[in-house]
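Peer 1: Each chain, written out:
There are 2 protein chains.
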Amino acid sequence: MTIVKYNTLKLISIINILRNMRKKLVMIPGPTNVPERVMLAMVKPIINHRSPAFTQLYKGIIEKCQKVFLTKSDIIVFTASGSGGVEAAVTNIVRPGDKVLVTVFGEFGQRAAEQVEAAGGKAIVADAPLGDAPRMDKIRALAEANKDIKAVFVVYNETSTGVTFRWLKELGKLASDLGAFYIVDAISILGGDELPVDELGVDICIAGSQKCLAAPPGVVIVSVSNKVKKYLESNPPPPRHYFNMPRYFKFAERGETPFTPALPLFYALDEALTMLLEEGLDNRIRRHKICSEAFYRSLSAINLKPTAKEDVRSNVVLAFNYPTGIEDAKFRKLLDDKFDVLVAGGFGEFRGKVFRIGCMGEVNTPHVLTTVTAVSAALNQLGYQNSTAAALDEALKVLSQLN
Amino acid sequence: MTIVKYNTLKLISIINILRNMRKKLVMIPGPTNVPERVMLAMVKPIINHRSPAFTQLYKGIIEKCQKVFLTKSDIIVFTASGSGGVEAAVTNIVRPGDKVLVTVFGEFGQRAAEQVEAAGGKAIVADAPLGDAPRMDKIRALAEANKDIKAVFVVYNETSTGVTFRWLKELGKLASDLGAFYIVDAISILGGDELPVDELGVDICIAGSQKCLAAPPGVVIVSVSNKVKKYLESNPPPPRHYFNMPRYFKFAERGETPFTPALPLFYALDEALTMLLEEGLDNRIRRHKICSEAFYRSLSAINLKPTAKEDVRSNVVLAFNYPTGIEDAKFRKLLDDKFDVLVAGGFGEFRGKVFRIGCMGEVNTPHVLTTVTAVSAALNQLGYQNSTAAALDEALKVLSQLN
Numbered sequence: 061m062t063i064v065k066y067n068t069l070k071l072i073s074i075i076n077i078l079r080n081m082r083k084k085l086v087m088i089p090g091p092t093n094v095p096e097r098v099m100l101a102m103v104k105p106i107i108n109h110r111s112p113a114f115t116q117l118y119k120g121i122i123e124k125c126q127k128v129f130l131t132k133s134d135i136i137v138f139t140a141s142g143s144g145g146v147e148a149a150v151t152n153i154v155r156p157g158d159k160v161l162v163t164v165f166g167e168f169g170q171r172a173a174e175q176v177e178a179a180g181g182k183a184i185v186a187d188a189p190l191g192d193a194p195r196m197d198k199i200r201a202l203a204e205a206n207k208d209i210k211a212v213f214v215v216y217n218e219t220s221t222g223v224t225f226r227w228l229k230e231l232g233k234l235a236s237d238l239g240a241f242y243i244v245d246a247i248s249i250l251g252g253d254e255l256p257v258d259e260l261g262v263d264i265c266i267a268g269s270q271k272c273l274a275a276p277p278g279v280v281i282v283s284v285s286n287k288v289k290k291y292l293e294s295n296p297p298p299p300r301h302y303f304n305m306p307r308y309f310k311f312a313e314r315g316e317t318p319f320t321p322a323l324p325l326f327y328a329l330d331e332a333l334t335m336l337l338e339e340g341l342d343n344r345i346r347r348h349k350i351c352s353e354a355f356y357r358s359l360s361a362i363n364l365k366p367t368a369k370e371d372v373r374s375n376v377v378l379a380f381n382y383p384t385g386i387e388d389a390k391f392r393k394l395l396d397d398k399f400d401v402l403v404a405g406g407f408g409e410f411r412g413k414v415f416r417i418g419c420m421g422e423v424n425t426p427h428v429l430t431t432v433t434a435v436s437a438a439l440n441q442l443g444y445q446n447s448t449a450a451a452l453d454e455a456l457k458v459l460s461q462l463n
Numbered sequence: 061m062t063i064v065k066y067n068t069l070k071l072i073s074i075i076n077i078l079r080n081m082r083k084k085l086v087m088i089p090g091p092t093n094v095p096e097r098v099m100l101a102m103v104k105p106i107i108n109h110r111s112p113a114f115t116q117l118y119k120g121i122i123e124k125c126q127k128v129f130l131t132k133s134d135i136i137v138f139t140a141s142g143s144g145g146v147e148a149a150v151t152n153i154v155r156p157g158d159k160v161l162v163t164v165f166g167e168f169g170q171r172a173a174e175q176v177e178a179a180g181g182k183a184i185v186a187d188a189p190l191g192d193a194p195r196m197d198k199i200r201a202l203a204e205a206n207k208d209i210k211a212v213f214v215v216y217n218e219t220s221t222g223v224t225f226r227w228l229k230e231l232g233k234l235a236s237d238l239g240a241f242y243i244v245d246a247i248s249i250l251g252g253d254e255l256p257v258d259e260l261g262v263d264i265c266i267a268g269s270q271k272c273l274a275a276p277p278g279v280v281i282v283s284v285s286n287k288v289k290k291y292l293e294s295n296p297p298p299p300r301h302y303f304n305m306p307r308y309f310k311f312a313e314r315g316e317t318p319f320t321p322a323l324p325l326f327y328a329l330d331e332a333l334t335m336l337l338e339e340g341l342d343n344r345i346r347r348h349k350i351c352s353e354a355f356y357r358s359l360s361a362i363n364l365k366p367t368a369k370e371d372v373r374s375n376v377v378l379a380f381n382y383p384t385g386i387e388d389a390k391f392r393k394l395l396d397d398k399f400d401v402l403v404a405g406g407f408g409e410f411r412g413k414v415f416r417i418g419c420m421g422e423v424n425t426p427h428v429l430t431t432v433t434a435v436s437a438a439l440n441q442l443g444y445q446n447s448t449a450a451a452l453d454e455a456l457k458v459l460s461q462l463n
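As you go down the protein sequences, you meet chains F and E in turn. With the first sequence counted from 1, adding 60 to any position gets you the numbering used here. With the second sequence counted from 1, adding 60 to any position gets you the numbering used here.
Chain F on its own, in the form it takes in the complex (with noise of 0.2 Å):
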């Protein structure tokens, strides 16, 4: 009765299963490639949400994620998509009425303006060009016009259009100078570019699981500051439940979260984590950048186009161009079926103009070079004369950065 031990036949069925899965290479902007440590992970036992065993697991997920986000403010883990997670950060701060300066040059910051004015506020939209990035000047323009600002959003990377806000500390500053809260949208690219939560006085950041963290997705964490904290113990948010912050703070009191918990992404993430601090986290950065650069310069080489400015480019969501009749679908299918490397397509207006590859969590020198290849002979066979050797001596050049 104590231990259950697994017999060879079900040892067999299970070597089985597992020899038989075709995988792919997830190069989609998350969820991403899992490493297998992290997938096994999920099938350890069932236990108690509401016990030692699990606060044990639970702590340790806390403990690991304020490494990774560089905080001693409190974490929250919910079950639920990274979109899950700014509802709760939007729900939490904003009152009817409120102003909240949203940065919006993807879909996801429109979906954060969205939220902003459901909530009742009044978002005051600092917007940019697909394939920019909003530009300090405009938006402290716009704090000028409206001093009561009472949050400050931002989407650090746009995974629709593979853009990156780089100016996270002088918009840390401005949010300060007004007394704002500082949110920070960092679904996508937590773990794979600086994000130093304390120094850069982020008071909520968002970060998903399935992206540079590299476990499946149906987990959201968010770190929410002391400023925070206190605001909502004289202000608490409408009393919806299921993204209610103070309700989560209550429970964590004791390391519980207030609803079931998804326990075996509970597990995976715990594993990722681990994985995330034996790598340590500058290593893991670095490794994202050298690998993005591969991207961009072996992609270059065969005279593909980012889609985003230089200057705000990604080192985690990396959207090229298609070259002219080169179809969007034809292309994808011909990546998956025969090569079995999945990319993504583009979002909104993008649709059918631009394909976009994750360049997140795992992400190494055999993944750099076997979606190059593909890529590249793929597009050889739909009529876009390219030379592979070329790209890959460019990508091979940049990858001899890695250990």
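Hints are computed from structural coordinates only; laboratory data are not their basis. There's no promise every hint is true.
No copy is singled out in the list; a pair is fine if it fits within one copy or between any two copies.
[To be verified] Quick list of in silico lysine to any residue cross-link-like pairs, SDA-like style, CA-CA up to 25 Å:
| # | residue 1 | residue 2 |
| --- | --- | --- |
| 1 | Lys390 | Asn108 |
| 2 | Lys124 | Lys349 |
| 3 | Lys229 | Asp371 |
| 4 | Lys393 | Arg200 |
| 5 | Lys393 | Pro105 |
| 6 | Lys398 | Glu316 |
| 7 | Lys210 | Asp187 |
Fit chain E to the supplied structure of chain F, relying on the hints for placement.
Peer 2: Structure of chain E alone, referenced to chain F:
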């Protein structure tokens, strides 16, 4: 590059992980024991959630859910706990000023009433003492006094007290007579007791993954009638995103979810539903009834008193009062440490006074016998003299009805 083969070293590491897992018998009211087939489905490869591969998985889940809910209605799968499903039901239906008749006979009914008020509605509460459920005469009187009721919300099985509301048919008739939406919180019971959604005229039915369906926690399944869909078309819910049903309907048309789904949990749910349909819904319900009857008879034989009144006793969550002198924490720790059996404590005013057994999902003869033995032996050790043999004898008599 095509099929990734697991090499011997990796397989040995997997085997070692599984061999060394100390598994408990999880007899809490969710999460419950998950069959290995279902656990292992989680390690299937990561795929793009915007691809035909995901659409195939998604459509399979929806079709299977329709067979389990006995409905032709739309089904939504949210990445969230059961409480997220309740929030979805309430926030999509209730508008400021709307009256909702809510059954409150424990923690989860109480929360539903809070949610109605949080959405600006007015909860007309049909309550009952803990251990009982409100009776139809009381509910009818409330309905008489409030003709303009927009929705009737019933907790089919109150997990906090082990009480099942036994008049779903009569209540459905009343809701229909009132022209009200009929919402059934079946989170902890669907798959373990009768609930023919279409036959009963249920407009919204909410089921958890981690209860009688025997999948891991983290997704909640919600059926939505055409009547509700039509209502939402002309009366869109508040534009929050995460639990916004119209958003899910839109994406469901192409076999996708609006937000990144918890893919491993979708794989697991699909496998769990397949197992349920292999067994047959009727057989599964019969098994739950026989196992719960075995629990009630055997523990009554050693003079433990069920918390619930006899005609509302649940077949899936069984609460028993502690005999005088037995300490909750001590008892459950002993069960856990020495017998590797997990049961749950009480909620609210029942905390410390009752323990609860989840009779859910995989529950079978060895589960019942192991649990009864452990409960009886632990009570003996703590000074409550009783005959384990007498308890087992009663259990075996009932369990002999199982194939």
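Peer 1: All hints, please: hold or fail.
Peer 2: Structure-based check of all given hints:
{"no.": "1", "hint": "Lys390 <-> Asn108", "result": "between (48 Å within a copy, 16 Å between copies)"}
{"no.": "2", "hint": "Lys124 <-> Lys349", "result": "within (22 Å within a copy, 44 Å between copies)"}
{"no.": "3", "hint": "Lys229 <-> Asp371", "result": "within (16 Å within a copy, 64 Å between copies)"}
{"no.": "4", "hint": "Lys393 <-> Arg200", "result": "neither (44 Å within a copy, 59 Å between copies)"}
{"no.": "5", "hint": "Lys393 <-> Pro105", "result": "between (38 Å within a copy, 18 Å between copies)"}
{"no.": "6", "hint": "Lys398 <-> Glu316", "result": "between (46 Å within a copy, 24 Å between copies)"}
{"no.": "7", "hint": "Lys210 <-> Asp187", "result": "within (18 Å within a copy, 42 Å between copies)"}
Violation of the numbered hints given earlier is confined to hint 4; every other hint is satisfied by the structure.
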